[in-house]
Amino acid sequence: MADQSHGDEKRTTDDVPHEAQRGASRRTLLKVVGAGVAGAVVGGATTHFVEDALRPATAPPHVPPRALRFFNDAQARVITAMAERMFPRDEGGPGATDAHVLDYIDGRLVSAWGLGGRTYRQGPFFAPQDSGHGLQTPMTPRDIYLDALAALDAYCHRQFGTSFDQAQLSQQDDVLHALEQGKVDTFTTISAAQFFAMFRQNVLEGLFADPLYGGNADLIGWKWIGFPGDPMAYGDPYGKLIDKFDTPYNVEPKPLQ
Amino acid sequence: MRLPETDVVIVGVGWAGGILAAELTKAGLHVVGLERGHARGTGDFQHDIDELRYAVDYEMMQDTAQETWTLRHTLSERALPIRQLGSFLPGTGVGGAGVHWQGLTWRFEPRDFTIRSSTLARYGAQAIPADSTIQDWGISYDQLEPYYDKFEYMAGIAGKAGNLQGQIQPGGNPFEGARARDYPVGPMLDAHAPVVFRDAAKKLGYHPFPSPSANLPRAYTNPDGVIRGACTYCGFCERFGCWVGAKADPTVTVLRTAQQSGKFELRTEANVFQIAHDGNRAHSVLYVDAQGNVQEQPANIVILTAYVFNNVRLLLLSQMGAPYDPQTGAGSVGKNYCYQVGSGGSGFFERVTFHRYMGSGANGYSMDDFNADNFDHTGLGFIGGGVISCGASGARPIQSLPVPPGTPTWGAQWKAAIRKYYDRVISVGMQGESIAYRTHFLDLDPTYRDAWGQPLLRITFDWEDNERKMAAFGAAKIKDILQAAGADLVAVSGQLPAHYDTAVYQSTHNTGGAIIGADPATSVVNNYCQMWDFANVFVVGASAFPQNAGRNPTGTVGALAYRAADGIVNKRVAT
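Respectively, the protein sequence lines represent chains A and B.
If you're matching positions, the first sequence starts at 664 in the numbering used here and goes up one per residue.
If you're matching positions, the second sequence starts at 36 in the numbering used here and goes up one per residue.
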């Protein structure tokens, strides 16, 4: 991965004790911003990193300067901030931004899934009369994300006068709780709770799917929980270990080869 | 286009179709197998350690954009399409759901085949729910035993007998019906979580035994001469294909046998939509090929071996047999659709780790102490029960991150909890019986159609009081076991939702609609799975179950397929 600044940032935070992290992160962030701006000169599309430099040190890491296939930059900042609150970088380890969850979701939305693949989309459509019928909408996941991001932006501007990513962290958490409980009243075409459930599932995928799909960068998700990845990468060990309950199996996870 | 006639045409090439293809070609018949999906085999699964592709995106499953089902909970509700897979996962492609299955290979218990008469004899008529239409199978366990045996030896099932010719065997299942001989292969290697479950169950006086598994613990050569290797315990079985062929599936067993005969023609991308007949005999089957052209395959014998739903749907689309009428109870096609009742629990441990990522689909321990009628139901308010099991089938991380109840669903606390508990949890589940009801059935939907313009199948189904009580009962037993196992925190779920939910995975054990029986007035097929109304048509699979037992269905599907083959080849029932 060409994102050198990202690697620097991670090492710095991983090595500092909790108490020192705030200041360390801030220094790291400034260093990263430098890299981001340099990237902007070449790529020409990353001006939002300058804004990030003005944010408090507890803020989530920046959006890495990688090209996107679906989201625009403002949407990418919101998705990044939302995912980061769900799986935040903290003293324990890296977060959703470090794991490139944004890149995963961006790719997911241009995949067959984003276009409603494997979904029966013939009408007529009716609102279910009772529970148990799953999603009954002609909207594709792309439609749902676009409408949800617009509704979320309207809600955040009304509540806080800012976009989601510029709100205070506690405000961001309040919005996520409201989404989860279906209480964000600017949603009209789909329920806030349904969008939240879809987004949460996508965040899980971005953290724990094989890195082949753009997320789980540096195997952050797998390392976090201790999932070894492809067992064949270590020469078929499970058949020798499965009945040896006290033999530890601590390996660096490996992706699909 | 009308194609040259063949002896036998098989619609759907999964376990049932594969078994019939193998047995009938061995007997010298020419068989054409029609499969809607693609050809596939172990070589196609080299990159299958991929949870997103296979488990989340359903790589091996039916494409619901093209064909799905509609669901309503009651006769008066408007049925809505199941727009995405969720509750159950029928396969598509050669081998069918038999390629992505877990490998749990059971025999039903003797009482399961006589559920109505056994319940009446022990508890009286008042014990059977008023609207229930459970009925005896018209075949006994003893009649089916040789065919179970044949399936187990063909597939190389690993297990431990509990009842050998009437002698109870220590360490096996004491509640099972008598077997003529032991499993062909001994049990799989023990995994940690199931052993903790086994020891807790024993402590409570129950009778745990190794779950019978189609995942081979050692190399095995079956009676047809097919050789397969041992399981690697990679933890990617159910929803995945086995890239080493250690999991028995039709492509590495019966279809090899059929292909070696030189008398089997497999035709893929063939989507059958109708059986042509004259009211007494079927003449041919009509299908749409990959280019969208209609082809007609004439045959002397027509065998439907698609998944439950399409067996029934093809009968309805072809106007074969009398459609079931839930108001009058007349007719049988579509009758007695059943499912599976689930309850389960998790035990969280502070200091024990389980290597949960290791395992294979059917690896584990089970107990039958609360299955079928192995316990006194007096005063419980329900009939039936289920097998209680703890498996080690692999913990793929997107879909297996259990946390204790009350944990936030996101944020720093959730992040910490998934790290802490990913490998410190065991899960125990009960797979409960689903009995038949007058208003649970299958028919053609009046509104929605598939990509080829044919009506979708409509499912009418919901949870009833009997099932709610059974699930709660099972959860209470599971709670006892998890506590006896020494879990620091136990969470169980035994409350079924307000309505059956099509969006949440529960079980791919759908049954009924073309049921077996002794009486043509109340069943679709006789006990060779031969249609009462069409001597040269067989409908084989879990569609034949009059109600569902508290077990995985594949062993019984296999046994019924071997019996149908025996009927065609040796008893000449089709002529």
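Accuracy of the hints is not assured; some may be wrong.
Derived pair list, reagent style BS3-like, types lysine-lysine, alpha-carbon separation capped at 27 Å [said to hold, decoys possible]:
hint	chain 1	residue 1	chain 2	residue 2
1	B	Lys455	A	Lys917
2	A	Lys907	B	Lys455
3	B	Lys606	A	Lys903
4	B	Lys455	A	Lys886
5	A	Lys907	B	Lys237
6	A	Lys907	B	Lys238
7	A	Lys903	B	Lys455
8	A	Lys907	B	Lys195
If you want the footprint, here are the derived chain B segments under chain A, 3+ residues with CB under 8 Å [stated by the list, open to error]:
hint	stretch
9	91-103
10	109-120
11	298-306
12	353-363
13	432-446
14	452-461
15	476-489
Source of the hints: derived by calculation from the structure; they are not laboratory data.
Every value quoted in this text rests on a predicted model; they were computed, and no experiment measured them.
For glycine and all other residues, C-beta sits at the position ideal for the given N, C-alpha and C.
(request) Go through the numbered hints given earlier and state which of them the structure violates, listing their numbers in rising order. (result) 3, 11, 12
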